[in-house]
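Undergrad: Just so you know, the protein sequences line up as chains A and B, in that order. Here the working numbering is used: the first residue of the first sequence is 1, the next is one more, and so on. Here the working numbering is used: the first residue of the second sequence is 1, the next is one more, and so on.
Bear in mind the hints are in silico, worked out from the structure with no lab data behind them. Do not take every clue at face value.
What the hints assert, rightly or not - Partial list, derived from the structure: chain A residues whose beta carbon lies under 7 Å from chain B:
1) A148
2) Y238
3) D388
Heads up, the beta-carbon is just placed ideally off N, CA and C, and yes, glycines get one too.
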Amino acid sequence: MTQQTDRPDVTDRVPPPPPRELPAGSRDGSHARNFSGGFLVKLVLVALIDAGAVYGILAAVAVRSWVIAAFLVLVLIAVNWAYFSKRALPAKYLVPGMIFLFAYVIFAAVYTAYIAFTNYGDGHNSDKADAIEAILAQNEVRVEGSEAYDLTVLSRPDELGFAIVQDGEAQVGSAEVPLQAAPDATVEGEQVTAVPTWDVLDFAAIAQQQEAVVALRVQVSDDPNDGALRTNDGSTGYVYESTMVYDEAADTMTNTVTGTVYTPDDHGNFRSAEGEALTPGWRVSVGFENFTRAFTDQRLRGPFLEIFLWTFAFAFLSVATTFVVGLFLAIVFNDPRVKGRRYYRALMILPYAFPAFLAGLVWRGMLNQSFGFVNEVLLGGASIPWLDSPWLAKFSLLMVNLWLGFPYMFLVCTGALQSIPGDVLESARMDGANAWRVQRSIVLPLLMVSVAPLLVASFAFNFNNFTLIYTLTGGGPNFPGAPITVGSTDILISTVYAIAFESGIKQYGFASALSIMIFLLVGAISWWGFRRTRTLEEI
Amino acid sequence: MRRSIPVVAATLGLALTLTACSGSAEEPADDTTSSAAESTGSFVMWVDETRIDSFKPIAAEFEAETGVKVELVQKISGEIKDDFIAQVPTGEGPDVIIGAHDWTGSFVTNGVVAPIELGDQAGNFAESAITAFAYDGQQYGMPYAIENIALIRNNAILPDTPATTFDELVAQAKGAGTEFSVVIQQGPDAGDAYHLYPLQTSFGAPIFTQTEDGSYTTELGLGGPAGDAFAAYLQKLGQEKVLDPQIDGDKAKQAFLDGKAPYIVSGPWYATEFVDEGMDISVLPVPSAGGQESKPFVGVQGAFISAKSKNAVLANEFVTNFLTTEKIQTELYESGGRLPALTASAEKIDDPILQGFNEAGATGAPMPSTPEMGSMWEFWGTTEVQIIGGQAPDPAAAWNTMVTNMQGAIDAA
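Pulled out of the complex, with its shape left as it was, chain B reads as follows (with noise of 0.2 Å):
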């Protein structure tokens, strides 16, 4: 008998325990049934910290207009995409995600976003903006900022800029006398092919070969004589200095700010930072190196819903009938400082600056979101940054040898 005691106690433990559990399971669930009443329900939207602040008023808003919350996940800029694209086949998924609209191509393969259905409203919104976010003939994201690189000039320095060509452009900077002359921002290892990309177009060798609407084939556009002639140009431009592997964006953006540049070739995101520094810039095309109009990336900003979302009516209601109103997108602009999706939105703005940044940005494409454009950038801002630093002795041969890596990588996908 005695080995009874342990046991009894055991069991009497256990069945308590159980009716403790089953009576705190059952309590949320009574919860969500009475709550549900007053408000419609909620859904979970992912944004990374470059954007969270932005989006609180917004979602706030949206609860008082519509009694949906909205539960925004502050994630990491560097993680978000890659964990979306885990997270969703699991259900721990969010129902939107705010991001770049280069994500696209990758979370289509993936299968982890549903077709959004922008019905009569495709007009309302700068046509590059909606095609971004096209793929394969469906809609996945809703645009609401555009953003581009452009040249940005500190007036205090140089007050205008007469050059028509990039080597005009470099001479008058060098003629300022000061550090540096024209900042393009690299990275010792990795480089930076985005912020070059501008000066490649205007050599006539995108990264992949244009349809007549300026999008993006999956065909290499950059090889033959037009890619080498530009790798033979960044050679002259590390030979002379003007591009420094050393420089990267944080060492870019404090000499422009140090005023020890006359120019720098960046985006919005350092542009807002001059400007709250107080300096006085101005934002232009970047001048032609080879000849032909130069054409930065357009990034559209946007939101994605999810494949697996449990709340696609909510989800739905905010991204495609909310987030598309010129309130919002304006509200956007006015805490994000980028160019807004929405054409009645856009034109409203008469920011000097934003202007400067729309029209370098106006014949550029959107950046191809296919899933090939992920695989290009480490070979293609390597290889660059080799050229500008003299790793690399002959440019076109390892222009050539990077396009048929490129093309390996393709293949191999």
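Just chain A, with the same shape it has in the complex (with noise of 0.2 Å):
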């Protein structure tokens, strides 16, 4: 009947479907416009999408996520209006790139930021309605010596209640009422198992309602500090006081024992005038603080400058010496009188196939001092401390990084040798120009337009290149004495993940500072590597 009565509904509101004033095609042949059959797999596509983001919108209300649920408005009006328009013809191309953007770059970035100026980490955890609740539970304790009751949950309409039997006889109370005895209640052994005007519950039915039933005080009399009997599991009693209240109105915390009045204070902590600072706290911004501290902690001073100085070196090293090896593997191999050079070509890529974090779990072992395999099976017996002497450590570094990187560079290499035109180097040639002088004059020049920024985007990367420091050396050998443990090659990253992971003590928003602070050094350096580049073109 519904679908009868609703029909001519959906008709009235429909318009009928307009003539077609021109030929299909003649005028506009935009997909945006007329019913084609790539209309109809784009409306599929778009109805989709559509699908998921409203599915998404609605799960995100449902949960109260107002920047994700606002997101996905934008997203889909932004799908629809992009593909349903005929004006918006790049943002066809553009649209899903800027929301993969924004998903995954932009939103991580501007979280990050957001991060450093707060103090989240460990005693920081969540916000202030937690913490309260926290501190609240953590200071109910139950009453020394009390007893514990065999507890009866009651319910009403709009009530909860608990019945405990004390000293022979039943008792009754619900939130509002102390418990008070009930002499027409039946008691069974320890335990009450009806009273009348109310309903016991069992325990589906506990379970169904256990957020109000943990919920619930009733206290013992009518002075709040007897205490207030409360249950965890539905089925054991026992009383419990309070020793820390929360005063809504004036945001303070006061112990009941001592008197201490908690305020709180400006870096996410109630805190009492002494200075004594109740846990947890919650997270706060707490401005420039984080950034500061980087200057100004004298912990972090000691290493600094050898791990400033060793992220450089090892930056720079690692792109020289893959690219100086990546190089001249190509030049060889780019010779034609080099027999079955596709075979070889393909050997070299295979360090490049390995996933880097495998690739230094692999050579951490084969270095391995006393176990490993090269002093083992390739150095005879040998005792080399490949990882855990400072500099060998260093140099290991370099080497793995070397393995790991060279084919990226003979790839790219090959790539623009051969794009270079044969017939400039045989003019070359025809000039008079030797081998050296038409690598050096003419290769080289026309090689780096096209590698010189791979060149700069390889620094960046590996001034970054926290998997490989942390699976091969893990950031050691410590040095020792530091008064944070940071080791001989730690580049600025890992000290970072070491500071605010490793140490003990969880400080994101420390973290994210340092991150937002590295990342403007490496933008600042690639900006003026980038730049440099442009010069190389001018030939």
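Dock chain one against chain two, each of which comes alone in its own frame, and use the hints as you go.
TA: Pasting the structure below:
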């Protein structure tokens, strides 16, 4: 029936299909506007995206994630506008990329920046409401020497209550009414089994409204200081007293035993006048504190300069060694006189196909001082501390990175070499240039035009090459006696990890601030590098 | 008018998807209400890969008994603790997490666990197991197993141990003619302070000072002449090649399995493997090196309840009323090979290996669970391994620098 009554409604609202004013395609060939096969495919695809977005919006609204909901609404509007508008031709190509850019890059960057200005970390893990709840829960203790009661959970419309047996007498109470004798209740053993006007809840019924049951406090007497009955499991009750009380109007915590008043400070803690802080605290904005701390913390100062210089040395030497080796091999295997060079080339790419973290772990095992393949087999039982002496560890790191990185340079150099026109080289030879002269004056300058930006990018990558450092040496060998546990092969980004995570106390805010500073540094160097590479193009 | 075709089509499509979505959103809601009548509900429990096999049958039994479904989620052991701290505030965390007692401090300072009421059951457990999960006068976890390290002997190489000091033990082990004497696992970079701790305590240099009842304060106790003596002893063991920074956990286990060492200092996690491999082993207390009794750290396994659990009654029912029964604690012992925390279950065990571990840990105190403890390990193990490996030629100086740095980390926190 509903189908039939609905249908006229719909047809009323939908205007009849407009008469075709012009033959399709004569003036408007765009898929945006006419019913062709392509349009229908697009309609289906966009409908699928819309369905996903609408589902996401509903799900986000349900859990009150307004930012995500707003983002999805914008995505929904952008997608429909881009693909159904006639004027938005570039947007049709850009929209998917823009959405992924926002979701994966911009959001992560903005969120990191936001965290950098907060004190998020151990002790400041959540928001203020959670902190208050946790402090109150942690300071609600069972009254010493009090009894454990076999508790019965009762319910009435709009109300829950507890019933216990105290000194052989049934007592019933609720959130509003303190425990009082209920002589007409039925008692079996130590448990109340029925109370007039109340329903007794069984375990399944308690589970249905467990949050309300756990939150219920029934005062033992008219005096709140006597404590309140509560239950965690719905079957056993204990009398608790709170030693900490939160005053919502004044926004203060008060210790009921000592009378100490704790007020919120600007670092997300309730703090007494004497300076004693309650834990947990909550996440607050701390301005530029995380950034200034990087320069003022005495404990960071000691090893910082060495790590800073090593980061530059590591990134520069990694690029230099991989480029030299890669270029040399590319030139050799670009020579048509080398037989079977296709197979050699395929072999050369192999290290590139390994995931870096796996290679790091494998090399770590092979370079082990006492049991590693290199010492035991290749060097016949030598005991060379490849990863355990400060300078050898640096050397090993560069060697492994060379092994990992030269195939990339080999690939890009091979490609660049093959794009150099043969007639240029031939005319150079005709002019009497020898092989060395051809390489130096023709091949290299032409090669650098296309490869130099990749070298800058490779520098930026190695500047933050956390994976290799972490898997191969873990930053070690550690500096003896340094006030933070960092080592000879730590670069800036692995130092951030050591400070913010490995030190045992998580400091997400500080780590974010440090990584933003490293990002700015790498960004500046890369910007300068890319500007320089432009001059290479002016040949 | 032409313009309206795609507009109408899009509106219609949107309307259709909307109805489709709202329809599908309602269905699961119907499901939960209808199925709730049959089962009592469910809660989520996080367990790491080392314990999940023990807990699968336990979860099934709980469901059979109460109708409450336990949704077990396997987490990686290295990440489960940090994930829990990060996820609980978002509301995506579990209701229950199985873990070690030394997480208590950071869980409490981050406000992610709810206090547990032991009720009158506290007396049924080994005292150290209960105090291990206590923090600032509140109970936060329910223990189920206790573990500690001890000296394990390969009876096929050496049938008995007359040694009363660690030096004598090393001498006897060297006499056996095997490649290694007493294997204590280390790591080339971060060392392993946990496995050296019995030796350290025998010099009277505990990590933090201890109160009368053996529990730890937050005041460093490993400095002073006792610490210097232990540092010098480490250097000596390193020079004698008893300790080797390159021997990590896997290599230590393999050396013992291959019969290359008569002794290893390790815990029940490897002992069960040795027994499974058919080795004949005995478990003994670690002999004293510095004259005093050697006391390993005691670790306690247990269950915590999330501070933001929406299934608090079910979670409490499982943790305080089900996990504490003798039947379950015995089952967990049988699958996990650790000493049960419940005294009634522990007393029924006549396994000599487990009793050996129990005796070795009898006087040990639970590892400190304060957040400060977390920042000690790196300094501690690094310095020890540098003394052993010879990178720190003056052991006492290196040790004292370490104590200063540890104090710096405590002050900075």
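Undergrad: Look at each hint and say if it fits the structure.
TA: Now for the hints, and whether the structure bears them out:
1. A148: holds, 5 Å
2. Y238: holds, 6 Å
3. D388: holds, 5 Å
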